[in-house]
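Line by line, the protein sequences are chains A and B. Just so we're aligned, residue 1 is where the first sequence starts under the working numbering, counting upward by one. Just so we're aligned, residue 10001 is where the second sequence starts under the working numbering, counting upward by one.
The hints are simulated quantities; they were obtained by calculation from the structure and are not laboratory data. Some hints could be false.
Heads up, simulated EDC-like pairs for lysine to aspartate or glutamate below, C-alpha to C-alpha not over 20 Å straight-line [to be verified]:
| hint | chain 1 | residue 1 | chain 2 | residue 2 |
| --- | --- | --- | --- | --- |
| 1 | B | 10039 | A | 1157 |
| 2 | A | 1165 | B | 10335 |
| 3 | B | 10024 | A | 398 |
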Amino acid sequence: MPGGRRRDRLRWSKIYTFARFWPTVGDDEQPSFHGGPSYSRTVHCNQPQLHRKKPFKYSSNYITTTKYNVITFLPKALFEQFRRVANIYFLLAAALSLTPVSPFTPVSMIAPLAFVVGLSMAKEALEDWRRFMQDMKVNMRKVNVHKGEGQFDHKQWQNIRVGDVVKVEKDQFFPADLLLLSSSYEDGICYVETMNLDGETNLKVKRSLEVTLALDDDEAFRDFTATIRCEDPNPNLYTFVGNFDYERQIFALEPNHILLRDSKLRNTNYVYGVVIFAGHDSKVMQNATKSPSKRSRIEKKMDRIIYVLFTLLVLISVISSIGFAIITKNKMPNWWYLQPDQTTSLYDPDRAALSGFLHLVTALILYGYLIPISLYVSIEVVKVLQATFINGDILMYDEDTGNHAQARTSNLNEELGQVDTILSDKTGTLTCNQMDFLKCSIAGVSYGVRSSEVEIAASKHMESEATGDDAGVYGSYEVELDHEIDFKSDNPRKPTIKGFSFEDDRLMHGNWAKEPTADTILLFFRILALCHSAIPEPDEKTGGFTYEAESPDEAAFLVAAREFGFEFCKRTQSSVFIREKYSSSEDLIEREFKILNLLEFNSKRKRMSVIVRDASGKIFLLCKGADSIIFDRLAKNGRMYESETNKHLTEYGEAGLRTLALAYRVLDESEYSDWNAEFLKAKTTIGPDREAQVERISDLMERDLILVGATAVEDKLQKGVPQCIDKLAQAGLKIWVLTGDKIETAINIGFACSLLRQGMKQICLSTINNVVAQDANKAAKESLLMQITNASQMINLEKDPYEAFALIIDGKTLTYVLEDDMKNHFLNLAVNCASVICCRVSPKQKALVTRLVKEGTGKVTLAIGDGANDVGMIQEADIGVGISGVEGMQAVMASDFSISQFRFLERLLVVHGHWCYKRIALMICYFFYKNIAFGLTIFFFEAYTGFSGQSVYDDWYMLLFNVVLTSLPVITLGVFEQDVSSEVCLQFPALYQQGQRNLFFDWYRIIGWMFNGLYTSIAIYFLSIGMLYHQAFRSGGQTADMAVVGTTMFTSIIWTVNVQIALIMNHFTWIQHLFVWGSVATWYLFLVAYGMSSPTISGNAYQILLEALGPAPIFWIATIIVTAACNIPYLTHKAFQRAFNPQDQHVIQEIKYYKKDIEDAHMWKREKSKARQKTKIGFTARVDAKIRQLRERLNKRALSTSQSLEE
Amino acid sequence: MNVPTADPALEADAAVERKKKSKKPKYSRFTQQELPACKPLLTPTIVISTFALIGILFIPIGLASLSASENVVEIVYRYDTECIPQQSQDDKVAFIQSSATDKTCRTTLTVPKNMKAPVHIYYELYNFYQNHRRYVKNRNDKQLRSKEYELETTNCAPEATTVDGSPIVPCGLIAWSLFNDTYSFAIQNKAIEVNKKNIAWQSDKDEKFGSDVYPKNFQQGGLIGGAKLNESIPLSEQEDLIVWMRTAALPQFRKLYGRIETDLVANEQISVTIQNNYNTYSFEGEKKLVLSTTSWIGGKNDFLGVAYLTVGSLCLFLALAFIVLYLLKPRTLGDPSYLSWNRNPDRH
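Just chain A, with the same shape it has in the complex (with noise of 0.2 Å):
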């Protein structure tokens, strides 16, 4: 940056003032502090040898953060494959078949299990190695470390330890978390931009401490040596606690001295730093939290599915071994030609009893074929699958952004389809988390004519409902509603300076001094222009400056200041420089401020301020702060705006804007100097509580204000966002949102939003905290108690069908009902009301609400969110969304999908959320139909084989069955399937209620595909026999062996289940045509093939369709009946079911197909309109109320005529 270099050797650190906040401390006892646990920490600066023994022994900076190496990823991948019950099963059958009681060879046992866990574990290795790449690309990054006698060279991230002095250039990352020395800016500041820690893009300047500001330069370091002592490694990124033992004065250390690894040094040249937390001891590297696995309903369900198939498996192995026992028993004996009397225990006709307690292991490996062992790997290969169509997805992709829609677990595609409630985050992802100026309050008059895109949107109604008698017809209501929401979403006011839409001329072009409170329209812009922490930037190509500043309202404060004459351009250490132009004819004016404290924001002050010195000396506080706050701290004499400012707040929220109140205060020298001794002493307090102090010492100051005024700021909603909760809401979604805003402001949101509507009753619950403390909790839970009991019977009261209501509710309140014994109370009203909104709430409490309607409903639910603040939720949520827009990284970190704009929900949820959803439920339920069509035949066999184990199939085709003949056809039905196409699915987002009700996945349709495969299994093995039965099967008068019984039975199987699945498939692409009926000819050619192979490989099966099966027309025609046999049934049931109780993507699917949406252009229309009819919420449900009060009005009206005319 040429700005940067411009600053580059001023000695500002003359009028640093607060080098004096660090005294020389004589006295250097250790503060208690250092010895206890926490804060143990010591670091030899520029002594790295002395840590790489103990004690000092600190972590290197080799990160890792892949999940095995090369000596556990074998342990640890397996451990993790065998945590599934069915795979765990699969090994101890394939361990089995080593030993003689396995039906089958080891070999078939054992392929398809290390196929699937292979296949499992070498995706694990594949994002493993992934990872490792990444760290060792991290690992390998050079940076300049001090080598000794002032010589510094590059060196490896990987090779730097605690107490090496590395220099960092700039545009490089830190590569650890390193304490700041000193900087190419001789007062030792330096610029950070922290966009992979916090994912905040504005610069953020550091300090370094005012003793080492002479180690300049590389020589500077030949001797030097220091020790810092501080806290333990700990993942809070703002907090930092220590000192720094230099020349034998001790400094206390604060985060404004660190630099944190993974954050960039910017528009300074180098810096100096010493390495005090290395590797995974950095605080982003112990920030690192895993996220927790979550697991989709239908994967639960399934797991439920798997037992009721293990049950059967057990069931039908004791059937078996009882059987087999009793045969061994009685029958044995007098088979001969088995030799009874030289067998071994497996089947001794003495021991029968041992015997069928072994042949109970062989049925159940025999069995195994109910489990369906590639299941599970299907599923993950089809989830990668759709994950790829949802990322790849070019309709929700952001031009803006340049992000795309990304499935960062790929586990929960199809619970998308499935969720019930949102619960949305507000700024970030309803609004754009962009200020703009809008309007102001100075000394009681309101400034700025402007209105606000809630009051734009308010007043198009009021418009719409004076014209809008005729809407009572349908049509005409359609064509108005579609034309509303395109005059919202193309037609936004387009500031020509972003972050500033103020317009009024009273104050515009200098016309403000004319003004009658001139004066204090003055301090008003001062307070906009100095109480802040941002920094300008020369903006080189209109000449003029844009701000880093910390908050976007910051931000927009600081345009508005320059609009309106006072610029801030410059800022130091200790002034900030600010470029006055009175009027558009004066001149400009450069005032050095002088800044003599800054106390900071936090969320729990709710406001700043600044004390600062102007020109003539006069020391000023100006302090900017939540309303609320700064009234409370105004000053007897400072109340004379009090009521006017109060009713413009009022009129501002109500409008949807975010407002602040600004106020000042002077003081005299002596008070300040007294103050000030004071708060530095606090400030110099080492240990624990140092903050409070602060924080305690800020607050005596912050006292008798005198009140300014109050900003407005429009918090702008993101592009497409009412549209997209109106769709959402007509697709059955309930839409909470959690938000940390005041009450008011998120009311207009809501309104802004549709979530709100006027005639809808708002239900407010709040806690009056005027009791004495001893008994307030019990007293604000009994009357919440009764609001809610009042609330609940007002809604059972209704009559009107159409009536909605509205829950909101404060943070603090609801810290009250989300207690044990208040939050049922509290979920049955709120799931009764169309929409909740919760306003300041605590991160904390979003993840509670999360949690509370997720468990209390049982429902699917998603939260949505973009900051760091949404991470609990996200994290709590079935499934958490992120978005990836400006304000972090770390809501998309903890997400498991993350967009980039609120309204790519709509078509993550209605499209491939609906898409995913059946798929993986039609694709689960053929799995089973397909395992226990095959895996019963085995069992009927068993019955003719004096259940002795022996299998009708070769194990060959039993190994290829599930791993390579029907995959592939069940792998494009997860992945390709389409019931209606996307544009459907977002006309009729009512389609989406069908994954809500689970309708695909209910226990009856599970069973039905159960009944399905029993039948086709005793279809087809009946079938099989009847026809291949003692006679010659052949013109040749050849008969039947087992071989040749076996393989027709399973060539019926493969085309009984492929053209099962063929007719599950709405949609055929080359690709489904291919994998379907490529596995069917896949069979025939392994068939030869394998007659082909040596006979001591194939055995019976030697030559079996070239010379045995394929010139008997039997063995074609007997596939022919079976295949048809078995899918009869599931045709007709079908076919019955869509001509008599037809869904509706059936019906949906022939109006396309007879295009009679084209034809009938008036009644799709209409069905689009109908089918979201619904909702409580969102513009169509204003729309609908409004009609529906019209329609009264009118038939009061003819009633009145009609009982006039009577009388």
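On the provided structure of chain A, position chain B as indicated by the hints.
Just chain B now, with coordinates in the frame of chain A:
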């Protein structure tokens, strides 16, 4: 076929052009899941015609199979009881196991209809579990295949080796229990030749049973199972053994014994001489002699035809039933009144 139109495609393509450097996903009909697809619809016409078509196809096949089955002439003669002399009926097992008894048994069969050559001769066993796991696995294909692997007797216990440890060829219970009844036929005292060649699969003779493998130590142990083998004939030519080694799927099975290559005329009397050696008496088995011609579907089996007729007529019935149902309760395809929100509008 309904091919969806991809109208956003062009716009999106243009956008790709505009912003090449971005992470923008590439547009393709595949990634947008808009590939041209066939979306078959189960319309009444399709349902009815499918069922009707299946019916129309299946019934002729069924009739053809039935008539083929009817044309097969089969003589089945159960001889296991009758071939035991009256005095031994109480202890059939002792009779069959005694080496002293004369097991020759004679009977006369009447040819019911003309039987065209070749007439296949089968023996049929009932209640014999050739499919028992212990039995099925009790063989060694390697040993059967070549002389090299003569010593290979894995899986063959207890018929693997002789007492002194030399291998039994062919080893295992299957070979050991080889069926050993023999039949000879005569018409009017003139013997009918039984061709016992080519009763096994050609591939079995060529590849599975070695031409250099000769029986060795077979049936030499204390326990004699079934037939003995001529040690001078290689296994590849022991077709009875090869047929027997193809284990049957069910406990009731027929195996090819040989063929009579002369036509048999209706009402001819065939005198059969049976050497009743095989012990089915221990396990209450049955033995039958079967003479049968074949048709294109093989031997006599009405099941196939019946199954086809049943399924075919069921389909025709279903086709009719659907016609009736559609007539009684017609539904215009794509009639929006069947949409859920029109059917029960009060659901919400």
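We went through each hint and held it up to the structure:
{"no.": "1", "hint": "B/10039 / A/1157", "result": "holds, 16 Å"}
{"no.": "2", "hint": "A/1165 / B/10335", "result": "holds, 14 Å"}
{"no.": "3", "hint": "B/10024 / A/398", "result": "holds, 8 Å"}
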